[in-house]
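A.B. asks: Here is what each chain is made of, one letter per residue.
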Amino acid sequence: MSFVQNLILNRVIAHQVYPKGTDGNEVQPFLSKSLITLNTAFKSIISSRIVAAVGSDSHCVEMEMVDTSPGNTSVLGKNLIHTDQDFITYSHVLTRKLSSAQQVSRNIPGGLVLFFSGTVNSQNHKFWGVLKAEKLDGLNAVQNGDSIELELVDDLFLTPQTKMYKIGMFVQESETDEDSGEIIVNERIFIFDQNMTTDETKAPAIYFHRTFLGARFSPTDKKLTRDFYNIARDFINSSTQIDPEDKPVFIDDLKSYLRGTQPTFHVRDFAIEYFEDLALVENFCSAMSAKGIPDTSVAKDTTYIKTKLKRRSLGFTNSIKIIGNADTFGDNVVVGEFVGGFTEIKIRGEILKNE
Amino acid sequence: MTEGEFRSKFDAEAEQYLAWGKYVHTQISKIISTHCGSQKVAPKDFTKISFDPRVKEINSLIAKAFYRQKPYKNPYVEITDKVGVRFVFLTESDVRSIGDLVKQSSDWIVRQDRDFEIERELQPERFEYQSNHFILFSKSNFEFEGVQINAETPCEVQLRTLLMHAYSELTHDTIYKPNLRATQKVKRLVARCSAMTEVAGEIFERVSDFFQEERLSKLQYLNFSRDYLKQKGFDPIEGNHFDYLLDSISDLIAGVKIDDISKFLEEKPFLIDRLQEKSQIDLLFSHPVAIIIYYLVQIKRTQIRRDWPFQNELLEKIFVDLGIAFEQ
Numbered sequence: 138m139s140f141v142q143n144l145i146l147n148r149v150i151a152h153q154v155y156p157k158g159t160d161g162n163e164v165q166p167f168l169s170k171s172l173i174t175l176n177t178a179f180k181s182i183i184s185s186r187i188v189a190a191v192g193s194d195s196h197c198v199e200m201e202m203v204d205t206s207p208g209n210t211s212v213l214g215k216n217l218i219h220t221d222q223d224f225i226t227y228s229h230v231l232t233r234k235l236s237s238a239q240q241v242s243r244n245i246p247g248g249l250v251l252f253f254s255g256t257v258n259s260q261n262h263k264f265w266g267v268l269k270a271e272k273l274d275g276l277n278a279v280q281n282g283d284s285i286e287l288e289l290v291d292d293l294f295l296t297p298q299t300k301m302y303k304i305g306m307f308v309q310e311s312e313t314d315e316d317s318g319e320i321i322v323n324e325r326i327f328i329f330d331q332n333m334t335t336d337e338t339k340a341p342a343i344y345f346h347r348t349f350l351g352a353r354f355s356p357t358d359k360k361l362t363r364d365f366y367n368i369a370r371d372f373i374n375s376s377t378q379i380d381p382e383d384k385p386v387f388i389d390d391l392k393s394y395l396r397g398t399q400p401t402f403h404v405r406d407f408a409i410e411y412f413e414d415l416a417l418v419e420n421f422c423s424a425m426s427a428k429g430i431p432d433t434s435v436a437k438d439t440t441y442i443k444t445k446l447k448r449r450s451l452g453f454t455n456s457i458k459i460i461g462n463a464d465t466f467g468d469n470v471v472v473g474e475f476v477g478g479f480t481e482i483k484i485r486g487e488i489l490k491n492e
Numbered sequence: 079m080t081e082g083e084f085r086s087k088f089d090a091e092a093e094q095y096l097a098w099g100k101y102v103h104t105q106i107s108k109i110i111s112t113h114c115g116s117q118k119v120a121p122k123d124f125t126k127i128s129f130d131p132r133v134k135e136i137n138s139l140i141a142k143a144f145y146r147q148k149p150y151k152n153p154y155v156e157i158t159d160k161v162g163v164r165f166v167f168l169t170e171s172d173v174r175s176i177g178d179l180v181k182q183s184s185d186w187i188v189r190q191d192r193d194f195e196i197e198r199e200l201q202p203e204r205f206e207y208q209s210n211h212f213i214l215f216s217k218s219n220f221e222f223e224g225v226q227i228n229a230e231t232p233c234e235v236q237l238r239t240l241l242m243h244a245y246s247e248l249t250h251d252t253i254y255k256p257n258l259r260a261t262q263k264v265k266r267l268v269a270r271c272s273a274m275t276e277v278a279g280e281i282f283e284r285v286s287d288f289f290q291e292e293r294l295s296k297l298q299y300l301n302f303s304r305d306y307l308k309q310k311g312f313d314p315i316e317g318n319h320f321d322y323l324l325d326s327i328s329d330l331i332a333g334v335k336i337d338d339i340s341k342f343l344e345e346k347p348f349l350i351d352r353l354q355e356k357s358q359i360d361l362l363f364s365h366p367v368a369i370i371i372y373y374l375v376q377i378k379r380t381q382i383r384r385d386w387p388f389q390n391e392l393l394e395k396i397f398v399d400l401g402i403a404f405e406q
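Just so you know, the sequences run in chain order A and B.
If you're matching positions, the first sequence starts at 138 in my numbering and goes up one per residue.
If you're matching positions, the second sequence starts at 79 in my numbering and goes up one per residue.
Hints listed in this document are in silico derivations from the structure and should not be mistaken for laboratory results.
Among the hints, a few may not be true.
Ranges of calculated distance between the beta carbons of each label pair, as one might list FRET restraints [said to hold, decoys possible]: (1) Asp283(A) - Val334(B): 53 to 63 angstroms; (2) Ser340(B) - Asn281(A): 52 to 62 angstroms; (3) Gln354(B) - Ser426(A): 20 to 30 angstroms; (4) Glu345(B) - Asp160(A): 55 to 65 angstroms; (5) Thr357(A) - Glu405(B): 17 to 27 angstroms; (6) Asp283(A) - Pro121(B): 54 to 64 angstroms; (7) Asp338(B) - Phe179(A): 27 to 37 angstroms; (8) Pro121(B) - Asp406(A): 51 to 61 angstroms; (9) Lys310(B) - Ile409(A): 32 to 42 angstroms.
Predicted model, so just to flag it, every value in this text is computed and none were measured.
Virtual Cβ for every residue (Gly too), placed ideally from N, Cα, C.
Required output: the full structure, derived from the provided sequences and hints.
C.D. replies: Pasting the structure below:
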């Protein structure tokens, strides 16, 4: 279930941040004094970009605050939900914080910084968010009489190209405690940043979510990764829509997918890449969602399933290699004696591919 | 009765016959309308040809009355098709349905003179003219459109299918009147034709049922959607403007349970407001089909992306409302 359904924007403000100066000094951000007037068209484009970045099936990652200092972004950001004046004031504070975070490298580009607030879901939970958009350049064609002239447009922001923006969403999910009547607020943080990796050392990858927002990947990812593997494996094995001979192939695909270098796994991406049948894709996604696996990107951590993913390989002279899954290798490969220059190997099963 | 007496009597009563014929035509048209209402089909699509009441030409009547091989005892009374109406429908079951309703009506006394199903059973090896004929007699003296009609005035009603009508048009003045001689070859050809129309008729029936099922099943979703919208104070537009859309997604919609759509709407009460806003800008959102599309996006989004026949921007708006990323 998406947590940004029924997105209603009520405030937006835009500031500008700049890359580190050539003299090594920070170039101060430009802080706007007034809110953007929201018309239907603006709301539509901005909502569209937000949902594309943090909605269901998006590649955002849910995170948790690791910066617990009193002036952290979560604490400061809550002020954005109150009055218009608080919204403006604290958007300035946070823009300066982002600008400082960018000073760690000369290669971090400047861009537009949008702060927005509103409500989401049927329960109209309040949220605030920050979006940094790097600028794009392009060409505008102008018809002049009987010829076309080209104009350089180098300040285009927020095109659908998702590489060009990063978002942090802070949703205030509130529940009323049944017994005490107290309202409990549970803040959930969703970050979208295509430069992000789980290696939290590289500056361009971490300045936005770690240095600026103070968030990090949740420790529950080990469990989620293992759950994803187990549920997917069970789904494939029990599915009546998959031929029995294809099942081991899909399990192998699942393992390859998790062994990959991507720092995250994503339910729908996996399904679309490996299942051809779209009805099967939907069933798989529903099964995952029913078991609580998020429909957005999840930081991958294969610690609990290392042995399942492990490969075992037998290498020979003459560069021949036999590679297989570690847990079933022993059962399926029988190695004989080395006699007369040859090692006899017996492999259970028949040849599937000869490429 | 002499020819002259027949003529005068008919002259005097011709107006009555016509009036009775008009009354019968009007009443049967109402029967058809009501039947169409319950079947959710338009009368102009259901009745393929409707023939206005026609009074037989006096010379034809005289010829029929007095120049017959087997003479009538009382020709004036025995000839019951002095005025006739005819309705042509698509399938035999349509003919049967209307025929049953005509027989049940209390507006007249009915005598069925021809029944193609009974005739097939009684003489299975014969292939010739088929139609259902009813003689409708007025129950009492009454006035219709300013004309006094006597009790027991007859009107012949013919109900048949398009195929039966085609056969009849080919042969009605010729072969089936037994006193005319046709060559054996032509008789055989005509019999084959009648047999073929019976086979085609069965196929028409099956195809018609299939389309009816399809239409009703799509209708149930649209009706549910329309009822829901009206209940929430939203006035949807009518019309089949989005039939093309429904056809494009018909395999996605197959098997969808109305209960599931209902649950989905309950979980997302904000959809009505979103529809209201959007209907000011895009026509799609004022039509009941919009709700079905929202549901399909929720449960079959990859497939509907693939099958969507209109601009992507339109579909994207629905994704955004549901908080789902619309990626390439």
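A.B. asks: Take the hints in turn and mark each one as holding or not.
C.D. replies: To see whether the hints hold, each was checked on the structure:
| no. | hint | verdict |
| --- | --- | --- |
| 1 | Asp283(A) - Val334(B): 53 to 63 angstroms | holds, 55 angstroms |
| 2 | Ser340(B) - Asn281(A): 52 to 62 angstroms | holds, 58 angstroms |
| 3 | Gln354(B) - Ser426(A): 20 to 30 angstroms | holds, 29 angstroms |
| 4 | Glu345(B) - Asp160(A): 55 to 65 angstroms | holds, 57 angstroms |
| 5 | Thr357(A) - Glu405(B): 17 to 27 angstroms | holds, 25 angstroms |
| 6 | Asp283(A) - Pro121(B): 54 to 64 angstroms | holds, 60 angstroms |
| 7 | Asp338(B) - Phe179(A): 27 to 37 angstroms | holds, 35 angstroms |
| 8 | Pro121(B) - Asp406(A): 51 to 61 angstroms | holds, 54 angstroms |
| 9 | Lys310(B) - Ile409(A): 32 to 42 angstroms | holds, 35 angstroms |
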